[in-house]
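Student: Spelled out from the first residue to the last, the chains are:
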Amino acid sequence: MSIATEIEQRLTEGLALQHLVIENESHMHSGPATESHFKLAVVADDFTGKRAVARHQMIYGLLAVLMNNPIHALALHLYTTSEWQEKNGDIPLSPSCMGAKKEH
Amino acid sequence: MSVVDTIKEQLEANDILLYMKGTPRFPQCGFSSRASEAIMSCGARFAFVNILESPEIRAELPKYANWPTFPQLWIKGELVGGCDIIAEMAANGELKELIDSVVVDDDSAAN
Chain A
1 MSIATEIEQR LTEGLALQHL VIENESHMHS GPATESHFKL AVVADDFTGK
51 RAVARHQMIY GLLAVLMNNP IHALALHLYT TSEWQEKNGD IPLSPSCMGA
101 KKEH
Chain B
1 MSVVDTIKEQ LEANDILLYM KGTPRFPQCG FSSRASEAIM SCGARFAFVN
51 ILESPEIRAE LPKYANWPTF PQLWIKGELV GGCDIIAEMA ANGELKELID
101 SVVVDDDSAA N
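Protein chains in written order, with the UniProt record's numbering: chain A, 1 to 104; chain B, 1 to 111.
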């Protein structure tokens, strides 16, 4: 099973997902791993009334067995349904690694 | 002293503390770089710990914090968040507000 599929399964089980975007950003980073850096946009009303730290900790809890290995970096953008509507589906960009920037 | 005691002592001694990879001048990771830039843009002095030089803290802090990755910004002994949260708070002005409130506290305590 790919890491993205496993992320999706775990989040689907743990949250009432309205919307999920998984981007594999491993290509933006140095090193041989192809499933190490991910960005998630998660929309779920489970986040209602929770501050940003608590929301992130919910996701880290659900993905605990994947963190550090194989997942090295996980960018999280977590919204309730109404916040997501306000954002218009705009997901922030992640930075590249400092170690070895890829030239385009 | 245990590693957790060291962490607690660092948090106690520094109102604004960033655990990061590298230093604000020479960050070793894009996420740490973005986080330290956001904090610097608020204009206050802050402390940092380069976890690449502190393997024990790198191993222990994620468990203590219930937060698996770096950077981690701690203000007044409380975890504020990682790169995404810091960047978002910097963009909407909350970060400067929070940092200013801590700095004002310090100034009034000194007087």
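It is worth saying that the hints were derived from the structure and are not from the lab.
A couple of the hints might just be wrong.
[Said to hold, decoys possible] With a straight-line Cα cutoff of 27 Å, these simulated DSSO-like cross-link-like pairs (lysine-lysine) come out:
hint: 1; chain 1: A; residue 1: LYS87; chain 2: B; residue 2: LYS63
hint: 2; chain 1: B; residue 1: LYS96; chain 2: A; residue 2: LYS50
hint: 3; chain 1: A; residue 1: LYS39; chain 2: B; residue 2: LYS8
hint: 4; chain 1: B; residue 1: LYS63; chain 2: A; residue 2: LYS39
hint: 5; chain 1: A; residue 1: LYS50; chain 2: B; residue 2: LYS8
Student: Which of the listed hints are broken here?
Tutor: Numbers 1, 3 - these are the hints that the structure violates, sorted from lowest upward.
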